[in-house]
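Novice: Just so you know, the protein sequences line up as chains Z and B, in that order.
Going by this note's numbering, the first residue of the first sequence is number 1, and it counts up by one from there.
Going by this note's numbering, the first residue of the second sequence is number 1, and it counts up by one from there.
Hints are computed from structural coordinates only; laboratory data are not their basis.
Please note that a few of the clues may not be correct.
Taking CB as the label site, the calculated pair distances span [to be verified]:
#: 1; chain 1: Z; residue 1: F102; chain 2: B; residue 2: G20; range: 24 to 32 Å
#: 2; chain 1: Z; residue 1: T223; chain 2: B; residue 2: G20; range: 37 to 45 Å
#: 3; chain 1: Z; residue 1: G274; chain 2: B; residue 2: I57; range: 50 to 58 Å
#: 4; chain 1: Z; residue 1: G274; chain 2: B; residue 2: K122; range: 32 to 40 Å
Covered stretches of chain Z, going by a simulated chain B footprint (3 or more residues, C-beta under 8 Å) [as the list claims (entries may be wrong)]:
#: 5; region: 140–146
#: 6; region: 154–164
#: 7; region: 224–230
#: 8; region: 352–364
Example chain Z residues on the side facing chain B (calculated, C-beta under 7 Å, incomplete) [as the list claims (entries may be wrong)]:
#: 9; residue: F95
#: 10; residue: Y134
#: 11; residue: E135
#: 12; residue: K198
#: 13; residue: Y220
#: 14; residue: R284
Idealized CB from N, CA, C, for every residue including glycine.
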Amino acid sequence: MREVAVLGVGMTKFGKSDKTSIELFSEAAMDAINESNLEPKDVQALFVGNCYSDCVESQANIAAFCAADIGISGVPATRFEGACASASVAIRDAFMWVASGFYDVVLVGGTEKSASIDQAFATRVFQFGSDGRYECFTGLTFPGIFAMMAYMYANKYQIPLERLKKEMGLVAIKNHNAGKLNPKAHLQFSIADRIQKKIVEAKEKEKPVPTWNNELDFLYDTTANPLVADPLQVFDCCPFTDGASAVVLVSADLAKKHYKNPVRISGLGQSSAGALSFQKDITRVKARELSAKQAYNMARLGPEDVDICELHDCFTIAEIVATEGLGFFPPGKGGEALEKGNTSVGGNIVVNPSGGLKAKGHPIGATGAAQVYEIVKQMREECNERQIDNVKVGITDTLGGDLGTICNIILERGW
Amino acid sequence: MVEIDYKLTYKGYSEALKEGKLLGIKCNKCGVYTAPPKKVCVQCASEDLDVVELSGIGTIRTFTVIRVAPEGFEAPYIVGEAELDEGPWLMGNIVDVDIKQANLDLIGKRVKVGSKTAPGDKYSCGEVQVPVFTLV
């Protein structure tokens, strides 16, 4: 197997968009192609992650339409769906086609529109990641999955709920602070900004002025920050987002010959799991532990070698559990590590410098590619205010549905 | 019509559940119970299986109160997972607990499995039989 490099990367601003999922993908794709100093005709195959465009835009088989939109109708174009891991599994697959020598240049990424549809309908459609036969019709929602994880975690490790909620709150605060510095992020405000906004609004409407002492105080307030699925509140949840991201993968030889700063994909992992009840103890996401191990083994690295991590904080509790599953902290100690600042700038491992799914947003078909985008940009020192120093090794982590598909990608600076 | 030997299908399981019977499959090779059913034993993947009726008694292992409902559902309601005495875990709705009393103390409580019929919608093949848990 030959080595594979990432050339250009592209990403639309995440948020609420008037553009269609195909238009969004085309923008991200052309950014990636242009940044690679290539033309569309150089792309030999297209791999597109997309989860819900059939329900939301009457669009199945989306990859074929994406190819036509950027003038490469005719190339093999395939849609990948692994719920929230769609783009990551697309990247893992695309990697194999280049590593095997079958293709030299491929375009891979994803796109999603979920911000512009009715919330109750979106909540219904987002249930599809659960077992449609045996679990969906309990009315379990996507936040509900992680809410159950949170209660199980508090009970298993005997962490008082108040403390766990504090740790979850710290995830929201950290990721919003980072998202504020990311011009592509959906939510570009800190929790402190939100508090100020509420105070100003109250004064303008001549209502009683809120008196939260600090950000955690605001987050605990179930009137200002309503419950979604106990114990998760609004600010424990990533938003519904529209957006797309794309990367160009080429053989490393091609990259080194013509283009500067190639970033290598050095490790990959992917794993699956069945229904939530089948998985039993979901405080340890088995599929993640299997997938991460594959990626570390392939890269011949360990968690201690990783500088930055873009992981799947679809909900604040998910970040805490992910840092444990990826081997950064022992089981049950992820929250404590957060309290000590170990996942912030200056800590052992910077987690979600982009703002994560929480603040950057989560257009589910695109998220895996956006995580790669962030790591590549950090390695190239193109992140301005949110730049982390000297990033040599990064890992991405996406989790699909009810912990059913996990994919991890390790990237290394190629020089 | 070719009969594919799927020991206990979703249809068979659901029809029994509607009649008040919680079924599972017992593996003749390793003795482990699988519920809800699968094509093979959940533990050893053997196809040497028998359909059995389970006790319908279990212990709550986790839960949540859903406050923001999907289309077709009316919040708030409790979703929980119970570990059946035979081993498998089941997801259902905990129906006899006041929402205001739904807290961590629920974990560890003993429950009995019943069921209710959800009408289904355009994203299901007809009605769906859903397990419900009541405290014992």
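Novice: For every hint, state whether the structure bears it out.
Specialist: Structure-based check of each hint:
1. F102(Z) to G20(B): 24 to 32 Å: With Cβ atoms ~56 Å apart, the hint is violated.
2. T223(Z) to G20(B): 37 to 45 Å: For G20(B) against T223(Z), whose Cβ atoms are near 43 Å apart, the range 37 to 45 Å holds.
3. G274(Z) to I57(B): 50 to 58 Å: violated (24 Å)
4. G274(Z) to K122(B): 32 to 40 Å: violated (25 Å)
5. 140–146: Holds: 4 residues of the region 140–146 of chain Z have a Cβ under 8 Å from chain B.
6. 154–164: holds (count 3)
7. 224–230: holds (count 5)
8. 352–364: violated (count 0)
9. F95: It is violated, given that the least Cβ distance between F95(Z) and chain B is near 30 Å, above 7 Å.
10. Y134: holds (4 Å)
11. E135: holds (5 Å)
12. K198: violated (21 Å)
13. Y220: Y220(Z) check fails; min Cβ-Cβ to chain B is 16 Å, beyond 7 Å.
14. R284: With a closest approach of 14 Å, the R284(Z) hint is violated.
Hints 1, 3, 4, 8, 9, 12, 13 and 14, counting from the list given before, are not met by this structure.
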